[in-house]
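*Asks:* Whole structure, please, built from the sequences with the hints as guidance.
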Amino acid sequence: MNIRVTVAAFAATVALPFAAAHATDLEVTHWWTSGGEAAAVAELAKAFDATGNKWVDGAIAGSGDVARPIMISRITGGDPMGATQFNHGRQAEELIENGLMQDLTEVAEKEHWKDIIRPSSLLDACTKDGKIYCAPVNIHSWQWMWLSNAAFEKAGVAVPKDWYEFEAAVPALQKAGIVPLAVGGQSWQSKGAFDVMAIALAGIDTWKKVYIDKDAEAARGPEFAKVWAAAAKAREWSKDTKVQDWNQATNMVITGKAAAQIMGDWAQGEFQVAGQTAGKDYTCLPGLGVNEVISTGGDAFYFPKQKDAEKTKAQMVLASTLLSKETQVAFNLKKGSVPVRGDVDLASANDCMKKGLDILAKGNILPDSNQTFSPDTQNALQDVIVQFWNTPSITPEDAQKQFADIVAQAD
Amino acid sequence: MADTLRIEGAVTPEGPHGRKPRRALSRRNIMIYGVLLLAAFYYILPLYVMVVTSLKGMPEIRLGNIFSPPVEITFEPWVKAWSEACTGLNCDGLSRGFWNSVLITVPSVLISIAVASINGYALANWRFKGSDVFFTILIVGAFIPYQVMLYPMVIILRELGIYGTLAGLIVVHTVFGMPILTLLFRNYFTSLPEELFKAARVDGAGFWGIYLHIMLPMAVPIMVVAMILQVTGIWNDFLFGVVFTRPDYYPMTVQLNNIVNSVQGVKEYNVNMAATILTGAVPLAVYFFSGRYFVRGIAAGAVKG
Amino acid sequence: MTNTAPEGRRTGLTRNLAAKIATLPMIATALVVFLGGTIWTVVYSFTNSKLLPKLNFVGLAQYRRLWSTERWLVSVDNLMIYGICMLILSLVIGFVLAALMDQKIRFENVFRTIYLYPFALSFIVTGLVWQWILNPEFGVQKVVRSLGFTDFIFDPLYDQQIVIFGILIAAVWQGTGLIMCIMLAGLRGIDEDIWKAARVDGIPTWKTYVFIIIPMMRPVFITALVLIGSAIVKVYDLVVAQTGGGPGIASEVPAKYVYQVMFTAQNLGQGFAASTMMLIPVIILVIPWAYLEFSGKRRHG
Chain A
13 MNIRVTVAAF
23 AATVALPFAA
33 AHATDLEVTH
43 WWTSGGEAAA
53 VAELAKAFDA
63 TGNKWVDGAI
73 AGSGDVARPI
83 MISRITGGDP
93 MGATQFNHGR
103 QAEELIENGL
113 MQDLTEVAEK
123 EHWKDIIRPS
133 SLLDACTKDG
143 KIYCAPVNIH
153 SWQWMWLSNA
163 AFEKAGVAVP
173 KDWYEFEAAV
183 PALQKAGIVP
193 LAVGGQSWQS
203 KGAFDVMAIA
213 LAGIDTWKKV
223 YIDKDAEAAR
233 GPEFAKVWAA
243 AAKAREWSKD
253 TKVQDWNQAT
263 NMVITGKAAA
273 QIMGDWAQGE
283 FQVAGQTAGK
293 DYTCLPGLGV
303 NEVISTGGDA
313 FYFPKQKDAE
323 KTKAQMVLAS
333 TLLSKETQVA
343 FNLKKGSVPV
353 RGDVDLASAN
363 DCMKKGLDIL
373 AKGNILPDSN
383 QTFSPDTQNA
393 LQDVIVQFWN
403 TPSITPEDAQ
413 KQFADIVAQA
423 D
Chain B
371 MADTLRIEGA
381 VTPEGPHGRK
391 PRRALSRRNI
401 MIYGVLLLAA
411 FYYILPLYVM
421 VVTSLKGMPE
431 IRLGNIFSPP
441 VEITFEPWVK
451 AWSEACTGLN
461 CDGLSRGFWN
471 SVLITVPSVL
481 ISIAVASING
491 YALANWRFKG
501 SDVFFTILIV
511 GAFIPYQVML
521 YPMVIILREL
531 GIYGTLAGLI
541 VVHTVFGMPI
551 LTLLFRNYFT
561 SLPEELFKAA
571 RVDGAGFWGI
581 YLHIMLPMAV
591 PIMVVAMILQ
601 VTGIWNDFLF
611 GVVFTRPDYY
621 PMTVQLNNIV
631 NSVQGVKEYN
641 VNMAATILTG
651 AVPLAVYFFS
661 GRYFVRGIAA
671 GAVKG
Chain C
35 MTNTAPEGRR
45 TGLTRNLAAK
55 IATLPMIATA
65 LVVFLGGTIW
75 TVVYSFTNSK
85 LLPKLNFVGL
95 AQYRRLWSTE
105 RWLVSVDNLM
115 IYGICMLILS
125 LVIGFVLAAL
135 MDQKIRFENV
145 FRTIYLYPFA
155 LSFIVTGLVW
165 QWILNPEFGV
175 QKVVRSLGFT
185 DFIFDPLYDQ
195 QIVIFGILIA
205 AVWQGTGLIM
215 CIMLAGLRGI
225 DEDIWKAARV
235 DGIPTWKTYV
245 FIIIPMMRPV
255 FITALVLIGS
265 AIVKVYDLVV
275 AQTGGGPGIA
285 SEVPAKYVYQ
295 VMFTAQNLGQ
305 GFAASTMMLI
315 PVIILVIPWA
325 YLEFSGKRRH
335 G
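Chains as they are written, first to last, in the working numbering: chain A, 13 to 423; chain B, 371 to 675; chain C, 35 to 335.
Note that these hints are calculated values from the structure, not bench results.
Yeah, the Cβ is synthetic: ideal placement off N, Cα and C, and Gly gets one too.
Here are a few chain C residues that face chain A, going by a calculated C-beta distance under 8 Å:
#1 84
#2 170
#3 192
#4 283
#5 297
#6 301
BS3-like cross-link-like pairs, simulated, lysine-lysine; straight-line CA separation at most 30 Å:
#7 A/166 - C/176
#8 A/173 - A/366
#9 C/88 - A/140
#10 A/317 - A/122
#11 C/54 - B/499
#12 A/126 - A/317
#13 C/176 - A/251
#14 A/337 - A/58
#15 A/374 - A/143
#16 A/126 - A/58
#17 A/269 - C/176
#18 A/66 - A/325
#19 A/337 - A/122
#20 A/319 - A/140
#21 A/166 - A/251
#22 B/450 - C/176
#23 C/88 - A/319
#24 A/173 - A/187
#25 C/88 - A/226
#26 A/187 - A/238
#27 A/140 - A/374
#28 C/176 - A/245
#29 C/88 - A/143
#30 A/187 - C/176
#31 A/254 - B/450
#32 C/54 - B/568
#33 A/251 - A/187
#34 A/337 - A/143
#35 C/176 - A/254
#36 A/226 - A/143
#37 B/450 - A/58
#38 B/450 - A/66
#39 A/367 - A/173
#40 A/220 - A/245
*Replies:* What follows is the structure in structure tokens.
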């Protein structure tokens, strides 16, 4: 027996009980509490618990607006959780700059995140000064419109294949007493719907000028005027929604009370929970059927720095668990989102998810507005849009001007 | 019986003032009871809606109107709210947070009242140079929105090394309860006969002696008021409960928020309402049982300031 | 500390030493938390702090931006409307109910409990229940329509013009019971002889209330004002639970603006500027009043 083997054997006997005895509790905060979301989180917890550690769930309902202050207070207060969800993008930028976040580069290199995470822009969003600070778990794309087949049948029109056909079908829908477009009252929903319309109707080049290059002239231009004109119509069509939460609005589509909703792919989880089948009960139109793209927003886990070395170790285990093939598949099937690695088998994916994967494979990818604008700018833009959406007296021209003024000062 | 009578009589220092009611159906009485009943209708309506809704099944809620009594009474929503409703992975409903709420409320109420009563006593009987300045700052502090103080508070607790602990949360509740409570105690102690204090001083009693042996026993009515205010405030607190603790200590309101805000497809209004009543049950019980002392205490404390 | 009266002319730090030590928590709270926190907030309102506080001064930029932000302007308007209505309604309803309760009525305990119980419920709960009663598809509107008035419209929470009054309905419901109790307690503290004298002089009841009783209840009104006023400035949870600030931004309030700007928009500097603006009226109104009210002319001084 040579010495290396002896050492290895010794290390193994020591290390094994060591790892088992120190099952570490790791508190994970997130805001995934709707039906489909909770089922997806359960998959993550199951996978992490299987490593001998324990996932302590810290769910805070009420979307990121409620949960984020709590997360930030906890981190700056010096009592950080083990891991926390953020939308990847610029939300955690400053926490990283201040050295409050754990550097994951080691795990990332060992497990070749650079090679497996696709598109690579996802990892770039986690990278700061060459170091990796977050583990992306899914790709969420806002670029979908969900249609209720039953609603269109009731109105006696064919299920539209793009925004313009939808527009043509609206009078028939209204006659049948169906709300053409469901948009919940929470302000991020009208902002998101608007962003989707911007890509579809102003065209990808104009969108890039405004959302990436922050070109105020483009935001004032005729291409964007089209978006605002369409938003004015959508405002009219959605005025009878009268619900607050996004999944209540989705539920209107599921039950056929509303014909359509512009919402990200997470809405799919709700259709699944309700037992509906893509293609049969509902139809999905990526990019409103006009410009078929996927925007790569999504969720990522960040790992605040811990004092306890055991916790840090557990954090690394969690980071690697989140990106394992099995977890990626199990989680994303439940969540309705697309896995971040390209080498997993998604045979069980449904119609809509396959459409998304196709578009992704073709490389029709755009960044999410969370990645291009700071939270501050996002918030200001959201103000303009939500106010426009709820105030019929604001003309599209006025709103366009306000919007462009903010783009001019954007950071 | 004699006991109840005595308490009835002692409800107020003076008793009601209106004229003795003569005939049951005088115009005056119709008007008084009419207004009172009308107001009572407005106050009771939401409770009625909550209770009725919590006893209905979802299909009935979707079809019927919210004011109609349940056709088929079900306790399912109550069971679900208490022990089954999910937030994230934890599907044990409100029961999860109940003891945490108790654990937070009891020490916070006791400590905040102890501190505030000493403040009030010192401000009423042992004024020193600057004491009014501190008190004024405190009263102004009552008007500062909690959101503004969130960040400084996080920093202060971090520097004290108690951020994220139960002790930290108790400090927060003590600090933010202090302005109103101190005002109440100060007014109360000021209203007590000055001779009591002077006589004790002549007998050689000091600051703590007078507080423990004379003032504290006399302060029971105002203690009840302070207790009611604090139990309500702390039990219902959501913001501090989540910001200054960790999930092991999350109070019931966090679960309530999670149940109410995490919708699984359709909003389960019946479960929401049951959860609402269950969460409010403790302060409600405190009110039902001590409402009369409440008025009596305020009468003693706030009136003669 | 033998039998010297506390107002004895001993000077220096040792005077009332026990009292000073006993009130250290209060002094610390006043100086460190309230005063310190306020100064801290004001200082950082002149910086461009984003997610974490940083001393990177930008002068008045945050204030200029604040006052050109539509949402802040809306929230200030809302707070004024809400504040004035809430103040008047609380005092009037509270006083009238208390005066009626003071008429030797039967079932006083029952009525009092009914008026007071909403105060035991949190704003989250209050917001939720009223959101529901005011929901046009489930609540009052539907019921009235089902009675045959098919054109009846009552959806305050979905109408930008009146949404703040929808919130007011819930706030009054939650808060007036406490004010009523305080008023009732105040009325009970009035000497019976005053009523007798007024009756003998033939002064009408309403005149007795307005010109004699109310002025005598000054401390009660002050306690009520502090309670109502501090609740108005802080209104936040109720709005979040009932409307989330909507429809659009029509029911925004300053406390919510502060919170959202600080934590959602991650622009602390802006949030602190808004906080400072909220503090200014409080300081202008409350400090002189509180100082007059709580200092001087008291015994043992």
